[in-house]
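Protein chains: 2
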Amino acid sequence: MPEAYENQNDIVLSTRVRLARNLAEYPFPARLDIKGRQKVCEAAHAAALAIAPELEYIDMAELSRAKAVSLAERRLCSAAFAQRDQGGALLLRKDCRVSVMLCEEDHIRLQAYAPGLALREAWELADSVDTAFSRKLNFAFSEQLGYLTQCPTNLGTAMRASVLLHLPALARLGRVGRLAESISKLGLTIRGAFGEGSDAEGALFQLSNQVTLGITEQAALENLQAITLQIAEQERLAQRELLKDPAIENKVWRALGLLRYARRLDSKEALQLLSLAALGACGGALELPLDAIYQLMTDVLPATLSLDPAAAGDRDAARATLIRERLKAES
Amino acid sequence: MPEAYENQNDIVLSTRVRLARNLAEYPFPARLDIKGRQKVCEAAHAAALAIAPELEYIDMAELSRAKAVSLAERRLCSAAFAQRDQGGALLLRKDCRVSVMLCEEDHIRLQAYAPGLALREAWELADSVDTAFSRKLNFAFSEQLGYLTQCPTNLGTAMRASVLLHLPALARLGRVGRLAESISKLGLTIRGAFGEGSDAEGALFQLSNQVTLGITEQAALENLQAITLQIAEQERLAQRELLKDPAIENKVWRALGLLRYARRLDSKEALQLLSLAALGACGGALELPLDAIYQLMTDVLPATLSLDPAAAGDRDAARATLIRERLKAES
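From first to last, the protein sequence lines are chains A and B.
Residue numbers for the first sequence follow the working numbering, so the first one is 1 and each next one is one higher.
Residue numbers for the second sequence follow the working numbering, so the first one is 1 and each next one is one higher.
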């Protein structure tokens, strides 16, 4: 791995630690009407104002559809939450390192983010915000079951840690299915990055811990860390193997040619080409700023792109322009 | 048309004038055995040594398959003649402006070439070589039928003048078929550049006079000149129309991206992409040296490419390298 890649960030785009919490005084969101949910949102908002005023309160009902979906594209909220109208709110730190979904599946879903593989950093951030909230809010907790959550699969630590992986070589070699089987035995799960059951467009996958009961946060994080390192190493070996094939090398260069020259790109093709270019950059075939490519893999998504005033007229043209400019300026 | 384009050479790649001649003392080639053909070749060779020593004598039997096919790809001999083993020879001027097939369909098929639309220039060159030959050789000629040729469709002037046209817009708009119908009424014919009935790969077409009897060379050339100018103007209008379509503009840019980045290109794809890039260059969308692109449309053909020692290993890779280097150096 070139020294330039810190935190495994040739393979690991980002780390997220998510904590589910519920207020003891209220039924779970599924059993609340809109007014009830709004009360929960207000209670969390009041707490946030006291302990974390840097978090901006965003009422999902007041958000345009494009802005809401863009939050999901940037993984700052779930896809389902982006569709929420009344009775849901998001607390968001300006730098997007902390986001808190209010009245998603649980009253509070606190998420902390870090670039690359940085489970400890993300965990500490999540933990510090959680600790601050816990001084103002009364979380439902049982000595036996740990944090109480609407879905029993989250009981215990109620912590879901995940890493976003770019696995173009393993995906191309058809090895992700086998990988998924073997890691499920280790208490982890891997799936397409664009949600449960989604095709892994752009070869982006989310690896996360599955078990929350009978295991400490620390043990879960260590397990995820170890498996992530193994998968990243497998992916690197597969990349080197794959790039020896002149047909793949050709594909990688062609992808770069299209990214730098196309005047129109839909989001699916853009993701495929960016993934190929990233494969080429990781494997040493292309000299390209990998961070710019990975950033584009979010920025070219339809809703996020549409927030750019330049994209008002023709989104496919704006997408191609954005990619050309980034890959020109940064190369 | 930009001033940079002389002789209509945005649309017209080259001009060729071909004269068929037969020696009165010998039967037509189809009725000659190999020895008889060799005698005809020797007679023509002896005449050439006397009147045009700049013509190199090439015995087709001594030529490698690749060299022979490359002559056909460069339109210096017919495709059938390139397959000829014994009893055929080519007289070729070093600059490839004159080539004489010996014992193709006729004893002598004298061809003169000029870049762009230059019927007068090519005609004068062909005529001067023909005149010189006629002082040494006894051409079969009838007052009534003109020059006698093996195929009666060539009787009369036995002159076939042709221009090589790049018609990407008319081809894309499906207008070449209608064009072919209307010009056949004017005594001309248009067909794919890679031989009779060939698909027009790379949108290259050959337009030539069909009638040789009852018309002077001058009249035939003037007719061809006038129709060529009309078709070129139609093509230019169609190009401008087409390039207003963002989807076509996108195609043109993508083609350039692939030409500049691909590591492997087969000849069919290379021709298609070069044709698109030429369309973009003609229409003003791309700033590219059109002459380099048109030159590549011959140089990337399989046999011609294989003559380059660099292409020994992997022809598709060598083709991509050649294109990248030319489009880099010249842009």
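There may be inaccurate statements among the hints.
[Stated by the list, open to error] Which stretches of chain A does chain B cover? Using the computed rule of at least three CB atoms under 8 Å from a CB of chain B, they are:
id, region
1, 241-250
2, 255-264
[Claimed, not checked] Pairwise CB distance ranges (calculated):
id, chain 1, residue 1, chain 2, residue 2, range
3, A, Asp95, B, Lys328, 53 to 63 Å
4, A, Asp95, B, Pro246, 33 to 43 Å
5, A, Lys67, B, Leu173, 56 to 66 Å
6, A, Lys244, B, Pro246, 51 to 61 Å
7, B, Lys244, A, Pro289, 33 to 43 Å
Rather than coming from a laboratory, the hints here were simulated on the basis of the structure.
We treat Cβ as the ideally placed atom computed from N, Cα and C, and that holds for glycine.
Checklist entry - At the C-beta level, are Lys244 of chain B and Pro289 of chain A separated by a distance inside 33 to 43 Å? => result With Cβ atoms ~35 Å apart, the hint holds.
Checklist entry - Taking 8 Å as the C-beta cutoff, is the stated coverage of the region 241-250 of chain A by chain B satisfied by three or more residues? => result Coverage by chain B holds here, the residue count being 4 at a Cβ distance below 8 Å.
Checklist entry - Is it true that the C-beta distance of Asp95 of chain A to Lys328 of chain B lies inside 53 to 63 Å, as the hint says? => result 42 Å, violated
Checklist entry - Counting residues of the region 255-264 of chain A that have a beta-carbon nearer than 8 Å to any beta-carbon of chain B, does the count reach 3? => result Coverage by chain B holds for the region 255-264 of chain A (9 residues, Cβ < 8 Å).
Next on the checklist: I want to verify a distance hint. Is the separation of the beta carbons of Asp95 of chain A and Pro246 of chain B within 33 to 43 Å?
Outcome noted: 37 Å, holds
Item to check | Status of the given 51 to 61 Å range, CB of Pro246 of chain B versus CB of Lys244 of chain A | outcome: Cβ of Lys244 of chain A to Cβ of Pro246 of chain B: about 39 Å, so the range 51 to 61 Å is violated.
Checklist entry - Could one say that the CB atoms of Lys67 of chain A and Leu173 of chain B fall in the range 56 to 66 Å? => result 43 Å, violated
Hint compliance for this structure: hints 3, 5, 6 are not met, and every other hint is.
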